[in-house]
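All chains, full assembly: derive it from the sequences and hints.
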Amino acid sequence: MKKLLCIIFLAFSVNALALEGHLRLGATTLTNSYNHESGTFEDYAPTFGFEATQGFIIGDFGAGIAYNGKVGDSEISTIPVYLLARLNLLPVFFEPYIVLKGGSVLRTDEDVNGSSPDGKAYIAGGFGIETDPFQVELLYSQTKIDSDNRGSDKLKQLSLIFGYKLF
Numbered sequence: 001m002k003k004l005l006c007i008i009f010l011a012f013s014v015n016a017l018a019l020e021g022h023l024r025l026g027a028t029t030l031t032n033s034y035n036h037e038s039g040t041f042e043d044y045a046p047t048f049g050f051e052a053t054q055g056f057i058i059g060d061f062g063a064g065i066a067y068n069g070k071v072g073d074s075e076i077s078t079i080p081v082y083l084l085a086r087l088n089l090l091p092v093f094f095e096p097y098i099v100l101k102g103g104s105v106l107r108t109d110e111d112v113n114g115s116s117p118d119g120k121a122y123i124a125g126g127f128g129i130e131t132d133p134f135q136v137e138l139l140y141s142q143t144k145i146d147s148d149n150r151g152s153d154k155l156k157q158l159s160l161i162f163g164y165k166l167f
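When we follow this note's numbering, the leftmost residue of the sequence shown carries the number 1, and every step to the right adds one.
One should not assume that every hint holds.
Each computed DSS-like pair below joins lysine-lysine, with the alpha-carbon atoms no more than 25 Å apart [unchecked claim]:
(1) 156 <-> 144
(2) 120 <-> 144
(3) 165 <-> 120
(4) 154 <-> 120
(5) 154 <-> 70
(6) 120 <-> 156
(7) 70 <-> 156
(8) 120 <-> 70
(9) 154 <-> 165
Ranges between beta-carbon positions, derived for each pair [what the hints assert, rightly or not]:
(10) 94 <-> 146: 37 to 43 Å
(11) 55 <-> 32: 33 to 39 Å
(12) 146 <-> 96: 34 to 40 Å
Hints are computed from structural coordinates only; laboratory data are not their basis.
From the three backbone atoms N, C-alpha and C, an ideal C-beta is built for every residue, glycine too.
See the structure below:
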């Protein structure tokens, strides 16, 4: 019994120091016309961020921060901070996964006259493939926008993101 407890303790101790950090770069676009000012999939903007995760048997769990640039005529860029769950589907040479993210918007930058949009909630979901040290991820996200007098209250985006494991 003591040996079993020592093995379990050793496994958790080794896993406690197994943090991973990913630098992420990509492009984002609108999936619907935000306030009827720009069309779907017409314009693209940069997105970049950093995620720190802890690996477990079923997947990785952690937190991240990102910058989503201004797409087309939406004139809104956001900086969301979020918790994430990256669930592994098959442990093969390349690891396909499903990712779920949820959090809030730390900062909203806008160039809107007569309105001051403010980002509130951020949710995202998607799938990706990881081959150490690289990641490729397709992500759909929705950002709740308050105080935008132009009418819409959700910024819906689709992003293609490439990641690199730093540590």
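Checked hints:
Annotation: proposed proximity of residue 156 to residue 144 holds, straight-line Cα distance about 9 Å (limit 25 Å). Distance hint between residue 120 and residue 144 is fulfilled; the C-alpha atoms sit about 5 Å from each other, no more than 25 Å. Straight-line distance between C-alpha atoms of residue 165 and residue 120 comes to about 29 Å, which puts the hinted pair past the 25 Å bound. About 10 Å separates the Cα atoms of residue 154 and residue 120, which keeps this hinted pair within 25 Å; it holds.
Using a Cα cut-off of 25 Å, the hinted pair residue 154 and residue 70 holds, with the two alpha carbons roughly 14 Å apart. The suggested pairing of residue 120 with residue 156 holds, with an alpha-carbon distance near 13 Å, which does not exceed 25 Å. A distance of roughly 12 Å separates the Cα atoms of residue 70 and residue 156; the hinted pair therefore holds under the 25 Å criterion. Taking the CA atoms of residue 120 and residue 70, the gap is near 17 Å; set against the 25 Å cutoff, the hint holds.
At roughly 31 Å between alpha-carbon atoms, residue 154 and residue 165 are farther apart than 25 Å, so this suggested pair is violated. Distance hint for residue 94 and residue 146: a CB-CB separation of about 40 Å, consistent with the stated range 37 to 43 Å. In this structure the supplied range 33 to 39 Å holds for residue 55 paired with residue 32, their Cβ-Cβ distance being about 35 Å. Here the CB-CB span from residue 146 to residue 96 is close to 36 Å, well matched to the stated 34 to 40 Å.
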